[in-house]
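Those protein sequence lines, which keep their order, are chains A and B. Quick note: the first sequence, position 58, residue 168 per our numbering, numbers continuous. Quick note: the second sequence, position 252, residue 362 per our numbering, numbers continuous.
Keep in mind that a hint or two might mislead.
A pair holds if it fits inside one copy or across any two, identical chains being indistinguishable in the list.
Straight-line C-alpha distance at most 30 Å; calculated BS3-like pairs for lysine-lysine [unchecked claim]:
id	residue 1	residue 2
1	Lys209	Lys148
2	Lys402	Lys148
3	Lys209	Lys402
4	Lys209	Lys324
If you are wondering where the hints come from, they were derived from the structure by calculation, not from laboratory data. Please read all numbers here as calculations on a predicted model, not as lab measurements.
Number of protein chains: 2
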Amino acid sequence: MSNPTIALLGIGLMGEPMARNLLEAGFALAAWNRTRAKAERLAAYGARIAATAAEAAAGADVVITMLENGAVVEDVLFGQGVAGALRRGALVIDMSSIKPREARDHAARLAALGVRHMDAPVSGGTLGAAAGTLAIMAGGEAQDFAAAQPVFGALGSAVRVGPHGAGQLAKLANQMIVGITIGAVAEALQLAEAGGADPALVREAIRGGFAGSKILEVHGERMLKRDFAARATATVQLKDMDNALDAAGGANGYRLPITTLVRDMYASLCENGGAGVDHSGLFLEVGRLNGKAIPK
Amino acid sequence: MSNPTIALLGIGLMGEPMARNLLEAGFALAAWNRTRAKAERLAAYGARIAATAAEAAAGADVVITMLENGAVVEDVLFGQGVAGALRRGALVIDMSSIKPREARDHAARLAALGVRHMDAPVSGGTLGAAAGTLAIMAGGEAQDFAAAQPVFGALGSAVRVGPHGAGQLAKLANQMIVGITIGAVAEALQLAEAGGADPALVREAIRGGFAGSKILEVHGERMLKRDFAARATATVQLKDMDNALDAAGGANGYRLPITTLVRDMYASLCENGGAGVDHSGLFLEVGRLNGKAIPK
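Extracted from the complex, chain A is given alone in its bound form (with noise of 0.2 Å):
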């Protein structure tokens, strides 16, 4: 599979950099998108476009995945004839962010049509996908994924974590430590503030030391210009940490006190007015918990 053939099924604005970093490094490829315009501005770039997400798979050696949460992933897959389209031996790279059982039962499927899978989980944004450096997060068997590695190295850096469903668990480690040092932060500025301290002051004495973090860094400067615009929304952060707690079993499963608490203070920012505001808007429901109103 040294130069393989590659579905990208999902262009949207994490597909659409990822698709042109891999005709620049020279792969043949075939997008496919349900809503087919934002596929074709990819045709200038040297793609095939596909009118459906079978046909886009048809002969392909790798299809690559990047679509909203599992149940999208499954109808593409499994409903929409993608899975029955492939050869034997092809391998499906699953880039979207889903939960790791429904990776699991992806790969056990495809493994029953002979079909590979690998589920490959992205962190770094619309920026790092534009600039081929996502930090991938993979999960599958190990051949499949040194097999995979001209395809991962055209898109950022991968490391194998374990096997099927470990991609998916590694990026919800990922979020769990995000959303709680949102929140960290979020109260550690508060109370200073509070207190009768200057905010941006004491980020400005402490960045350096343990309590440094590229969310201290960020988001933190965002709690003190109180500049919530959306990067990544409350709403996603709430359903990370969802998955978190659907990874480790649910009430009965394995005990994670703070995730649990974090993603309330989330859903509680969601109901209050904080849906559409960017995650480290937690910083207004630590505000909210004390009588301040979250803004309009």
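Got chain A; can you put chain B on it based on the hints?
Here is chain B on its own, set in the frame of chain A:
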């Protein structure tokens, strides 16, 4: 005050390297410690060893205190005659980590005697103290902060974050972020392992993105190695979380739900055999909540 005479009260793990850096920077320094033997080692570096705290303070332009907690600072300042021994206009720089309201109280009582006060707790530990790279969070008057710059410069770098007590508040904000981020990393790595991923590879995959932090780097590694030899104990972290909640005004004060939960988890860790472990040992408490006993 371009070349002030300094009295350093409290020659422990932090005070000793700080004293050496001040002596090396050319300050005349009197040293006092409750256990005199610890102070006496500094004689070889040019310090005058004082028999009592008041004797060290007599004639000093600046008194630095580096003591265990607010009660000890209060006793040394007001019970052991330091406040009375100081000339009007002298400056007390309390670099101990104590409660903000204790710092404000000390400042007010010293002001009544014509003595200035600045709270200036530090982050960076014994390594930072030895290297002269402490992060110093200062609260007090702007002109006193300016006057203290040569002293701070010999010890690390200082940011004035607000009025009296604000330095202690910044330190607590720092400790809140540290404690909660440890909790975030603990839950994420425990879930990754429970779910069948390799937690070391998960950390590797996510450390460069938004989940990246000093805690994921340093404390995350301690968790993976199960190396909970204390650099900072769970007991001290619990004290810091308690002090943060105290600064927030207690049960009827500013609400900090995540800080409150993580405080309770540290309390539970300490009660269940983890009092002496490193604060990264919150990882063990997450395990304990899921049926894994804390190792003896």
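Checked hints:
1. Lys209 / Lys148: within (26 Å within a copy, 58 Å between copies)
2. Lys402 / Lys148: neither (42 Å within a copy, 51 Å between copies)
3. Lys209 / Lys402: Between copies only: 26 Å across chains, 35 Å inside a chain, cut-off 30 Å.
4. Lys209 / Lys324: Both: 25 Å inside a chain and 28 Å across chains, each within 30 Å.
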